[in-house]
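So the sequences go chain by chain: Z and A.
Residues in the first sequence are numbered from 288 upward in steps of one, following the numbering used here.
Residues in the second sequence are numbered from 11 upward in steps of one, following the numbering used here.
By construction, these hints were calculated from the structure, which means they are not laboratory data.
A couple of the hints might just be wrong.
What the hints assert, rightly or not - Label pairs and their in silico Cβ distance ranges:
#: 1; chain 1: A; residue 1: THR80; chain 2: Z; residue 2: LYS383; range: 22 to 30 angstroms
#: 2; chain 1: Z; residue 1: LYS341; chain 2: A; residue 2: ASN40; range: 52 to 60 angstroms
#: 3; chain 1: A; residue 1: ASP118; chain 2: Z; residue 2: GLU492; range: 15 to 23 angstroms
#: 4; chain 1: Z; residue 1: GLU407; chain 2: A; residue 2: GLY128; range: 29 to 37 angstroms
#: 5; chain 1: Z; residue 1: VAL483; chain 2: A; residue 2: SER60; range: 20 to 28 angstroms
#: 6; chain 1: Z; residue 1: GLU492; chain 2: A; residue 2: GLY117; range: 12 to 20 angstroms
#: 7; chain 1: Z; residue 1: ARG340; chain 2: A; residue 2: ARG159; range: 22 to 30 angstroms
#: 8; chain 1: A; residue 1: THR80; chain 2: Z; residue 2: THR487; range: 51 to 59 angstroms
#: 9; chain 1: A; residue 1: GLU163; chain 2: Z; residue 2: ASN444; range: 54 to 62 angstroms
#: 10; chain 1: A; residue 1: HIS191; chain 2: Z; residue 2: ARG351; range: 34 to 42 angstroms
#: 11; chain 1: A; residue 1: GLY84; chain 2: Z; residue 2: ARG351; range: 50 to 58 angstroms
#: 12; chain 1: A; residue 1: THR180; chain 2: Z; residue 2: LYS383; range: 49 to 57 angstroms
#: 13; chain 1: Z; residue 1: LYS383; chain 2: A; residue 2: HIS106; range: 37 to 45 angstroms
To be verified - Keeping only pairs whose Cα atoms sit at most 30 angstroms apart, straight-line, the calculated DSS-like set for lysine-lysine is:
#: 14; chain 1: Z; residue 1: LYS341; chain 2: A; residue 2: LYS126
#: 15; chain 1: Z; residue 1: LYS480; chain 2: A; residue 2: LYS39
#: 16; chain 1: Z; residue 1: LYS383; chain 2: A; residue 2: LYS141
#: 17; chain 1: A; residue 1: LYS203; chain 2: A; residue 2: LYS62
#: 18; chain 1: Z; residue 1: LYS480; chain 2: A; residue 2: LYS126
#: 19; chain 1: A; residue 1: LYS83; chain 2: Z; residue 2: LYS365
#: 20; chain 1: Z; residue 1: LYS341; chain 2: Z; residue 2: LYS480
#: 21; chain 1: A; residue 1: LYS13; chain 2: Z; residue 2: LYS428
#: 22; chain 1: Z; residue 1: LYS341; chain 2: A; residue 2: LYS197
#: 23; chain 1: Z; residue 1: LYS432; chain 2: A; residue 2: LYS83
#: 24; chain 1: Z; residue 1: LYS480; chain 2: A; residue 2: LYS203
#: 25; chain 1: Z; residue 1: LYS383; chain 2: Z; residue 2: LYS341
#: 26; chain 1: A; residue 1: LYS203; chain 2: A; residue 2: LYS172
#: 27; chain 1: A; residue 1: LYS150; chain 2: Z; residue 2: LYS376
#: 28; chain 1: Z; residue 1: LYS341; chain 2: A; residue 2: LYS141
#: 29; chain 1: A; residue 1: LYS150; chain 2: A; residue 2: LYS83
#: 30; chain 1: A; residue 1: LYS203; chain 2: A; residue 2: LYS126
#: 31; chain 1: Z; residue 1: LYS432; chain 2: A; residue 2: LYS141
#: 32; chain 1: Z; residue 1: LYS383; chain 2: A; residue 2: LYS150
#: 33; chain 1: A; residue 1: LYS150; chain 2: Z; residue 2: LYS428
#: 34; chain 1: A; residue 1: LYS150; chain 2: Z; residue 2: LYS341
#: 35; chain 1: Z; residue 1: LYS428; chain 2: Z; residue 2: LYS341
#: 36; chain 1: A; residue 1: LYS172; chain 2: A; residue 2: LYS150
#: 37; chain 1: A; residue 1: LYS83; chain 2: A; residue 2: LYS141
#: 38; chain 1: Z; residue 1: LYS432; chain 2: A; residue 2: LYS126
#: 39; chain 1: Z; residue 1: LYS341; chain 2: Z; residue 2: LYS365
#: 40; chain 1: A; residue 1: LYS203; chain 2: Z; residue 2: LYS341
Just so it is clear, the structure is predicted and the values come from calculations on it, not from any experiment.
Don't be surprised by glycine CBs; every beta carbon is placed ideally from N, CA and C.
As a plain string of letters, each chain reads:
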Amino acid sequence: MKKVLGFAAAAVIIALLLLCNGHIVQESSGDGPHEESVYGSVDSLPMLISQVRKCSKLYTAEYRVHKIVTHDDVLRLKGSVLQRQFNIKLPLGDRKIAIPIDAKLKAWIDFSQFSERNIERRGNHITIILPDPQVTMTSSKIDQKHVRQYVALARANFSDAEMSAYQQQGRAAIIESIPSLGIFETAQANAAKVLVPMLTAMGYEEQQITIAFRKHYDANDMRGLLKIED
Amino acid sequence: MMKNFKFAIIIFCISLLIVAIFWLRSCTKNDYLELGADNTIDPTPTQIQSIKAIGEWEFLSVSLEELADTIRKGFLSDDELSRIYYGTLRLGINMHQVEPGWLEADGDSVSLMLPKIGLLDRDFIDEARTKPFFESGSWKPEDREALYRQAHESMLEHGLTKENLAAAETNAREQITSLMHAMGYRKVNISFK
Chain Z
288 MKKVLGFAAA AVIIALLLLC NGHIVQESSG DGPHEESVYG SVDSLPMLIS
338 QVRKCSKLYT AEYRVHKIVT HDDVLRLKGS VLQRQFNIKL PLGDRKIAIP
388 IDAKLKAWID FSQFSERNIE RRGNHITIIL PDPQVTMTSS KIDQKHVRQY
438 VALARANFSD AEMSAYQQQG RAAIIESIPS LGIFETAQAN AAKVLVPMLT
488 AMGYEEQQIT IAFRKHYDAN DMRGLLKIED
Chain A
11 MMKNFKFAII IFCISLLIVA IFWLRSCTKN DYLELGADNT IDPTPTQIQS
61 IKAIGEWEFL SVSLEELADT IRKGFLSDDE LSRIYYGTLR LGINMHQVEP
111 GWLEADGDSV SLMLPKIGLL DRDFIDEART KPFFESGSWK PEDREALYRQ
161 AHESMLEHGL TKENLAAAET NAREQITSLM HAMGYRKVNI SFK
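If we strip away everything but chain Z, and leave its shape as in the complex, we get (with noise of 0.2 angstroms):
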């Protein structure tokens, strides 16, 4: 009878070990969401360098905008347990952020390539055809002295890091709104005033001067328009 329950024993201990090797294969192997990986992607450095380029462009229209920012930063319990999922927000674990950006977004047009083939002369009337006019994010600031945090007692400040992260996301989402700020209608509209002013002291009457673009741009054709460095 001692035989037979120390070879029960023997076996149930054997059933678990097999398991929790079994659990440990299925950890290490990183199907579940706690994924991870020890050789994990590692930031570099850039080499701190200055690049010069020559250009000819034309700003015609500046547009000052302003963003802030938030971020609700809950601590939050998720999981699954015996097929129950479950997601509770944890108490003292809130942080909140604000982030005022103020922008400036520039809408220019290129004038590198302009030709003859840019112009048409009837008589005495002149039509110049501009390229098409092109936005660029030229500076944006961070308004350091009003941005507010709220910790909770549990947690830790906001990083370096973490801030930065929310103002890229911050910078991208005011790139996205660009095409709805109606900066290209004004870039078309001001190019006339600094070229009309140059073609009268050329000898030409206003109502000879007619300045054109390629097209009326959609919102698509903002979204390709827009020369974002990153």
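Position chain A relative to chain Z; hints supplied.
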């Protein structure tokens, strides 16, 4: 008889235990626990503060990356903050600064008196693009503002050089001459104030 009955019960219990273990294992196969927070920002509007008609003609752009850092000496250890700032200095002329009679055309000749080549905009750092490099200790917004000013000064020093201004002027001459040729003028005389 009694022995066999006990033996059967033990075997039954062990089998039941093994089945229960495997059942529990299959039930908890996809179980996980995760402690964390969402890292995406909340959607907020982008507001236009001002719209301005400008006439800035850029002839040279100087893109710069500057590593700015600061160290705070402590009793036990030092704190350090390093960030990489990105900026583009745009050199050219402001067409709103031309004076009356700046362009004079006569037959196939044209003379232009252009404003001095300079920095078109002193706001040239894209601070929202800044890359954090290293942080130890706790830093205030004023410290980051000081780093920004440090990077600003450094970029001006490295980008707004005599060589770059001369290169911008040379390119301005080439580009405007080409534009005037396209307009039908053969002789182009350009001077800067």
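Structure-based check of all given hints:
1. Judged by the Cβ atoms, the range 22 to 30 angstroms given for A/THR80 and Z/LYS383 holds: they are separated by roughly 26 angstroms.
2. The beta-carbon spacing between Z/LYS341 and A/ASN40, approximately 59 angstroms, falls within the hinted interval of 52 to 60 angstroms.
3. Between A/ASP118 and Z/GLU492, the C-beta spacing of about 20 angstroms keeps the proposed range 15 to 23 angstroms intact.
4. Between Z/GLU407 and A/GLY128 the CB atoms are about 34 angstroms apart, so this pair conforms to the stated range of 29 to 37 angstroms.
5. The hinted window of 20 to 28 angstroms between Z/VAL483 and A/SER60 holds, with their beta carbons roughly 23 angstroms apart.
6. Distance hint check: the CB atoms of Z/GLU492 and A/GLY117 are about 18 angstroms apart, consistent with the given range 12 to 20 angstroms.
7. Checked against the given bound of 22 to 30 angstroms, the beta carbons of Z/ARG340 and A/ARG159, roughly 26 angstroms apart, stay inside it.
8. Against the hinted window of 51 to 59 angstroms, the Cβ-Cβ separation of A/THR80 and Z/THR487 comes to about 53 angstroms, which satisfies the hint.
9. For the hinted restraint 54 to 62 angstroms between A/GLU163 and Z/ASN444, the CB-CB distance of approximately 28 angstroms leaves it violated.
10. Look at A/HIS191 against Z/ARG351: about 37 angstroms separates their beta carbons, and that is inside 34 to 42 angstroms.
11. Restraint check, A/GLY84 to Z/ARG351: a C-beta distance of roughly 40 angstroms breaks the suggested window 50 to 58 angstroms.
12. Hint check: A/THR180 to Z/LYS383, Cβ distance near 52 angstroms, so the stated range 49 to 57 angstroms holds.
13. Remark: the range hint 37 to 45 angstroms for Z/LYS383 to A/HIS106 is upheld by a beta-carbon distance near 43 angstroms.
14. The straight-line distance between the Cα atoms of Z/LYS341 and A/LYS126 is roughly 17 angstroms, inside the 30 angstroms bound, and the hint therefore holds.
15. With a CA separation close to 69 angstroms, the supplied pair Z/LYS480 and A/LYS39 exceeds the 30 angstroms bound.
16. Straight-line distance between C-alpha atoms of Z/LYS383 and A/LYS141 comes to about 21 angstroms, which keeps the hinted pair within the 30 angstroms bound.
17. Between A/LYS203 and A/LYS62 the CA atoms are separated by roughly 25 angstroms; this keeps the pair inside 30 angstroms, and the hint holds.
18. Straight-line distance between C-alpha atoms of Z/LYS480 and A/LYS126 comes to about 21 angstroms, which keeps the hinted pair within the 30 angstroms bound.
19. For the given pair, A/LYS83 sits about 41 angstroms from Z/LYS365 by alpha-carbon distance, which is inconsistent with the 30 angstroms threshold.
20. Our distance criterion of 30 angstroms between C-alpha atoms is met by Z/LYS341 and Z/LYS480, whose separation comes to about 25 angstroms.
21. Annotation: proposed proximity of A/LYS13 to Z/LYS428 is violated, straight-line Cα distance about 86 angstroms (limit 30 angstroms).
22. Our distance criterion of 30 angstroms between C-alpha atoms is met by Z/LYS341 and A/LYS197, whose separation comes to about 23 angstroms.
23. At roughly 24 angstroms between alpha-carbon atoms, Z/LYS432 and A/LYS83 fall within 30 angstroms of each other, so this suggested pair holds.
24. Annotation: proposed proximity of Z/LYS480 to A/LYS203 holds, straight-line Cα distance about 22 angstroms (limit 30 angstroms).
25. Restraint check for Z/LYS383 and Z/LYS341: not satisfied, since their Cα atoms lie roughly 44 angstroms apart, outside the 30 angstroms limit.
26. With a CA separation close to 16 angstroms, the supplied pair A/LYS203 and A/LYS172 stays within the 30 angstroms bound.
27. Between the alpha carbons of A/LYS150 and Z/LYS376 the distance comes to roughly 29 angstroms, so the proposed pair stays at or under 30 angstroms and holds.
28. Distance check on the hinted pair: Z/LYS341 and A/LYS141 sit about 27 angstroms apart at the alpha-carbon level, within 30 angstroms; holds.
29. For the suggested pair A/LYS150 and A/LYS83, the alpha carbons sit about 15 angstroms apart, so the restraint of at most 30 angstroms is met.
30. Pair hint A/LYS203 plus A/LYS126 holds up; C-alpha atoms about 5 angstroms apart against a cutoff of 30 angstroms.
31. For a cut-off of 30 angstroms, the pair hint linking Z/LYS432 to A/LYS141 stands: about 20 angstroms separates their Cα positions.
32. The suggested pairing of Z/LYS383 with A/LYS150 holds, with an alpha-carbon distance near 16 angstroms, which does not exceed 30 angstroms.
33. At most 30 angstroms may separate the alpha-carbon atoms for a hinted pair to count; A/LYS150 and Z/LYS428 meet this at roughly 16 angstroms.
34. Simply put, A/LYS150 and Z/LYS341 have alpha-carbon atoms about 39 angstroms apart, too far for the 30 angstroms limit, and the pair is violated.
35. A C-alpha spacing of about 26 angstroms is found between Z/LYS428 and Z/LYS341, which places the hinted pair at or below 30 angstroms, so the restraint holds.
36. Using a Cα cut-off of 30 angstroms, the hinted pair A/LYS172 and A/LYS150 is violated, with the two alpha carbons roughly 36 angstroms apart.
37. The straight-line distance between the Cα atoms of A/LYS83 and A/LYS141 is roughly 23 angstroms, inside the 30 angstroms bound, and the hint therefore holds.
38. Distance hint between Z/LYS432 and A/LYS126 is unfulfilled; the C-alpha atoms sit about 35 angstroms from each other, more than 30 angstroms.
39. The straight-line distance between the Cα atoms of Z/LYS341 and Z/LYS365 is roughly 53 angstroms, outside the 30 angstroms bound, and the hint therefore fails.
40. Under the criterion of a C-alpha separation no larger than 30 angstroms, the hint pairing A/LYS203 with Z/LYS341 is consistent with the structure, at around 21 angstroms.
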